[in-house]
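Participant: Taken in sequence, the protein lines are chains L and C. For the first sequence, this note's numbering assigns the number 237 to the last residue and increments by one with no breaks. For the second sequence, this note's numbering assigns the number 428 to the last residue and increments by one with no breaks.
It should be emphasised that the hints constitute simulated quantities derived from the structure, not laboratory data. Remember, predicted model here, so these are calculated numbers, not experimental data. A hint or two may mislead.
Once the Cα atoms are required to be at most 27 Å apart in a straight line, the calculated BS3-like pairs of lysine-lysine come out as [said to hold, decoys possible]:
(1) C:K363 - L:K111
(2) L:K111 - C:K371
(3) L:K27 - L:K3
(4) L:K77 - L:K230
(5) C:K119 - C:K250
(6) L:K27 - L:K111
(7) L:K63 - L:K92
(8) L:K111 - C:K11
Residues from chain L that face chain C, not an exhaustive set, calculated with beta carbons under 8 Å [claimed, not checked]:
(9) L99
(10) N110
(11) N142
(12) S152
(13) D158
(14) P160
(15) L174
Output of the computed footprint for chain L on chain C, the stretches with three or more beta carbons under 8 Å from beta carbons of chain L [what the hints assert, rightly or not]:
(16) 44–51
(17) 294–304
(18) 394–404
Beta carbons: idealized from backbone N, C-alpha and C, even for Gly.
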Amino acid sequence: MTKLLITEITRMGPAFCVIGLQREEGKIRSVRPVTASANSWMHFPYQRGDVLQCDLAPFSGAKPHVEDRVSTHGFQKQSTVPESEVVAYLRKAEFAGTLPELFGCVLHENKSGSGLFAMPREATRSVCGTQTINLRLELCANEVRATLALSSGEVLRDLPVVDRDWRDFIEAALAEERGANRVARLERFLNSQFHYKVLSCPHHFIRLGLTRPYHDLCWLMLDTLIPLPKHEWLEEF
Amino acid sequence: MASIKDENHWKRLVDECFRREAGPQTAVPDPAQDLIETGVLDSMGWVSFLRALESASGLSELGVLLTERTPSLESVFQVFKEAQTERLSPEPCFSYAAQSEARTSVYISSSCAVVGSRKIPSEEVDRAFGMPPGRLRLRAGIESLAYATENENELTLGARAAQQALHTAVCGAQELDWIIATSETHRGYPSLAAQLHSQLLARENCGALDVGGACLGLVNGLAVAQGLIASGQSRTIAVITSDVHSRTFKPGMVAGEFGGLFGDGASAFLLSAKNGTTPEQAYSLGEFFFGCAGQYAGAIRVADAPNGNLDVHFDGEALSRAAITRLEKVVREIELRSGIARSSVQGLATHQPNPRLVTLLAKQCGLPEDKFPLVARSFGNLGSSTCGVALDAILQSARRHQANQWGPIFTASLGPGLLFGGGWLVPA
Chain L
1 MTKLLITEIT RMGPAFCVIG LQREEGKIRS VRPVTASANS WMHFPYQRGD VLQCDLAPFS
61 GAKPHVEDRV STHGFQKQST VPESEVVAYL RKAEFAGTLP ELFGCVLHEN KSGSGLFAMP
121 REATRSVCGT QTINLRLELC ANEVRATLAL SSGEVLRDLP VVDRDWRDFI EAALAEERGA
181 NRVARLERFL NSQFHYKVLS CPHHFIRLGL TRPYHDLCWL MLDTLIPLPK HEWLEEF
Chain C
1 MASIKDENHW KRLVDECFRR EAGPQTAVPD PAQDLIETGV LDSMGWVSFL RALESASGLS
61 ELGVLLTERT PSLESVFQVF KEAQTERLSP EPCFSYAAQS EARTSVYISS SCAVVGSRKI
121 PSEEVDRAFG MPPGRLRLRA GIESLAYATE NENELTLGAR AAQQALHTAV CGAQELDWII
181 ATSETHRGYP SLAAQLHSQL LARENCGALD VGGACLGLVN GLAVAQGLIA SGQSRTIAVI
241 TSDVHSRTFK PGMVAGEFGG LFGDGASAFL LSAKNGTTPE QAYSLGEFFF GCAGQYAGAI
301 RVADAPNGNL DVHFDGEALS RAAITRLEKV VREIELRSGI ARSSVQGLAT HQPNPRLVTL
361 LAKQCGLPED KFPLVARSFG NLGSSTCGVA LDAILQSARR HQANQWGPIF TASLGPGLLF
421 GGGWLVPA
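For reference, chain L alone in the conformation it holds in the complex (with noise of 0.2 Å):
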């Protein structure tokens, strides 16, 4: 049985990526465990700072996504941990403060567009942790995007943002019910009190993820924003 403190649950479509931090060997590294048959989950029922007890069996999925476990039966919850605690394991994790080391590899511009990616034969692993000077959330068309800044200067624009709990929450802000104006709204909320709560938060951290090779390319994206936003937020904007 492994041990597996839940890190990550990211949107991926109408399922769900989940990645977590297991113990090995004195180290702590991520795995993502996937269904023999997906590499993504219909229905994942807990939260992250879960622990959970699982089987993983040993088996490495293609470049990047080296992280990969098959996961031969269910989970279950043993306890939670609290998110700053999490915070604290995950800088034990993968961890980089520059650009190359991200996923070990050059991080290349779209040339058409918008966003930054990897060469699925290059990048050494598919989900790092960084520091960030600075974060901002967008609204683009119905999609959310990120742009950070890394401790050492470099700027990410226009990352896609996966994480569920911050997905959800946008989703909250937009519901018809909030009444009038929601768009314009939320995007005070988010050039405003966002800002001040997320980057003054003691504990403030994220960590990039790369897609699945989609047209033989890995697109960079926001895997997790701690902290996580917290419903009551809802209620100031």
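Given the structure of chain L, go ahead and fit chain C onto it with the hints provided.
Facilitator: The following block gives chain C in isolation, referenced to the frame of chain L:
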């Protein structure tokens, strides 16, 4: 930016941006079609398409305005229409049409370029930096470098270029309303613009302004000058670049793979408001645009080291990759904004980090290499003056032909950061 009233212009922008995202052979879908639901674009492609449109149209809030709307071309056109209604409302604001009109009313009345008087074979520079002879020629394509003599510096080179430009335009320095200077090597005060002001004996109430941006400095300077003239507060402005790298990037201070690439030079451009006396043979400034691609910020950093040396971080490979990708992107953006095909240009005044990259850029752009004046091959990378010397060379070569044979000029450059900018000039 073209007037939002021009529906054909928007349709062209939308079609071009869509094809760039979806592929050149892809038919433009029915305007009402939901592009994501029908699988024409995925969400990454949709956002990428919108970002390209935002950049090309100048409507930077396009993505936000499309939130809660169907992802279709019809929605895009609808947002353009709404933006037009808003902008053409009687509120006191600059209309884009007026801005565009103002931009085209600035022309280059004369130009001049000079380089350091010492011509040094690149092998000699190899040796000085302790590199095997032939390295700069083989790896960077540099045949020789222009170095300043003992009596030359940023001030003398810049002043010489400016005086020659004034002389050519039969314009006295007292006619200047502003001197805009840029240099990536000049340090200290009085600043270069102030020193040039004194040297040229401009009027006391002629402004002196230093503009940064390193190799992007000329394009920055031209855009600032254009704005000052378009505002109606100035009529004649000298934009001057001057860089003397050979005193800064010396052997022992920086590695030869970096320092050996640079030469010394200057350029000057006299800009005037277009009026009844504008000569028939002149180029007008088109539009300029700028940005900063921060993902490449780590590729080059130069800072003062505590021992007085320069602390240079130079990731040549990453920088080359970034330079080619970005310069090509800027060229594409110019095409998109101006509606001018790159194949029709008189020449491209781009930054030239080294001649090898110019060859690569020409290949990437699908253009003959002779559209790019040979600056870096003979003189080295001249910093902010590379673009200036290249632009002057294109202007001089155009003047050897009838004005009706002149083509537009593209200019594109980069600076550490990674700053980027570009624009175009058209026969007046």
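Participant: Does each hint hold? Answer for all of them.
Facilitator: Structure-based check of all given hints:
no.: 1; hint: C:K363 - L:K111; in the structure: holds (15 Å)
no.: 2; hint: L:K111 - C:K371; in the structure: holds (22 Å)
no.: 3; hint: L:K27 - L:K3; in the structure: holds (13 Å)
no.: 4; hint: L:K77 - L:K230; in the structure: holds (22 Å)
no.: 5; hint: C:K119 - C:K250; in the structure: holds (16 Å)
no.: 6; hint: L:K27 - L:K111; in the structure: violated (38 Å)
no.: 7; hint: L:K63 - L:K92; in the structure: holds (22 Å)
no.: 8; hint: L:K111 - C:K11; in the structure: holds (21 Å)
no.: 9; hint: L99; in the structure: holds (6 Å)
no.: 10; hint: N110; in the structure: holds (6 Å)
no.: 11; hint: N142; in the structure: holds (6 Å)
no.: 12; hint: S152; in the structure: holds (5 Å)
no.: 13; hint: D158; in the structure: holds (6 Å)
no.: 14; hint: P160; in the structure: holds (7 Å)
no.: 15; hint: L174; in the structure: holds (7 Å)
no.: 16; hint: 44–51; in the structure: holds (count 8)
no.: 17; hint: 294–304; in the structure: holds (count 5)
no.: 18; hint: 394–404; in the structure: violated (count 0)
Checked against the numbered hints given earlier, the structure breaks hints 6, 18 and satisfies all the rest.
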